[in-house]
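Given chain A, work out where chain B should sit, using these hints.
Chains as they are written, first to last, in my numbering: chain A, 1 to 114; chain B, 1001 to 1113.
In short, the hints are calculated from the structure, not lab data.
Check before you lean on any hint, since a few could be wrong.
[To be verified] Here are some chain A residues pointing at chain B (derived, C-beta under 7 angstroms):
| id | residue |
| --- | --- |
| 1 | Pro-45 |
| 2 | Leu-47 |
| 3 | Gly-100 |
| 4 | Phe-104 |
| 5 | Gly-105 |
| 6 | Gly-107 |
[Stated by the list, open to error] Okay, the calculated bits of chain B under chain A, using three or more residues with CB under 8 angstroms as the criterion:
| id | segment |
| --- | --- |
| 7 | 1036-1048 |
| 8 | 1072-1083 |
If you're wondering where the values come from, they're calculated on a predicted model, not measured in any experiment.
Beta carbons are placed, not taken as given, at the ideal position from N, Cα and C, and that holds for glycine.
Below, each chain spelled out in residue letters.
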Amino acid sequence: GDSVTQTEGLVTLTEGLPVMLNCTYQTIYSNPFLFWYVQHLNESPRLLLKSFTDNKRTEHQGFHATLHKSSSSFHLQKSSAQLSDSALYYCALNTGGLSGKLTFGEGTQVTVIS
Amino acid sequence: EAAVTQSPRSKVAVTGGKVTLSCHQTNNHDYMYWYRQDTGHGLRLIHYSYVADSTEKGDIPDGYKASRPSQENFSLILELASLSQTAVYFCASSLSWGGREQYFGPGTRLTVL
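Next up, chain A with everything else stripped away, as it sits in the complex (with noise of 0.2 angstroms):
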């Protein structure tokens, strides 16, 4: 079935570095939707940003990833992590099939610290 990665479980950043998550999935079809979802603490999930065009880049409040389905990766950047970044975030990918369903990976809980 349907899987997604997220290697780092717990990252500790410092205010003002470069953020990046990583996401790999694994899917038998061609053309996946992925999506990054961010959940502030005592919060709901939230969509972040998402894609289904390869190679290229997509952006949002500050935060920016590629598509690669040559490498089948997602991986979520931000040029200087802030303080109000802390949050677990989930790389999620949808086949585009009937269901709409998500399969989320199991987070990364961001912590950053001045």
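Same frame as chain A, but now just chain B:
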């Protein structure tokens, strides 16, 4: 702004008891989902529905039932609650299928004792 509400927001249940979690959306979305969130497992899909009066099994349906009596409402039912079902439960909705954003409710924290 999409609106998904859940009730109750928190609940303590006894082992073997019946628990019903409710979800209501005013987005006019066809699709609704129930997820559970556990540390180390992320978000896992329990049941989903893309039309009223019909539900589908997700990835971890065992021990849960779902009901979609109308487009707006989607319930998750635990007939015999167990300790292992202690978790945070999120309801979500989305337009149609494919690469559509899912809008999440505020979550229900369920503790089974």
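Exercise. Report holds or violated for the interface hint on Gly-107 of chain A, using the least CB-CB distance to chain B and a cut-off of 7 angstroms.
Key: 5 angstroms, holds
Quiz item: Minimum Cβ distance from Leu-47 of chain A to chain B below 7 angstroms?
Solution: Holds, about 5 angstroms.
Quiz prompt | When the least beta-carbon distance from Gly-100 of chain A to chain B is tested against 7 angstroms, hint result | solution = 4 angstroms, holds
Exercise. Would you check whether Phe-104 of chain A satisfies its interface hint, that is, whether its CB is within less than 7 angstroms of any CB in chain B?
Key: 4 angstroms, holds
Self-check item: Hint check: 7 angstroms Cβ-Cβ cutoff, Gly-105 of chain A to chain B
Solution: 6 angstroms, holds
Self-check item: Within 8 angstroms of chain A's CB atoms, at least three CB atoms from the segment 1036-1048 of chain B: coverage verdict
Solution: With 7 residues closer than 8 angstroms to chain A, the segment 1036-1048 of chain B meets the three-residue bar; holds.
Quiz item: Once the shortest beta carbon distance from Pro-45 of chain A to chain B is found, is it less than 7 angstroms?
Solution: 5 angstroms, holds
Quiz item: Taking 8 angstroms as the C-beta cutoff, is the stated coverage of the segment 1072-1083 of chain B by chain A satisfied by three or more residues?
Solution: Violated - the segment 1072-1083 of chain B has 0 residues with a Cβ nearer than 8 angstroms to chain A, which falls short of three.
Checked against the numbered hints given earlier, the structure breaks only hint 8 and satisfies all the rest.
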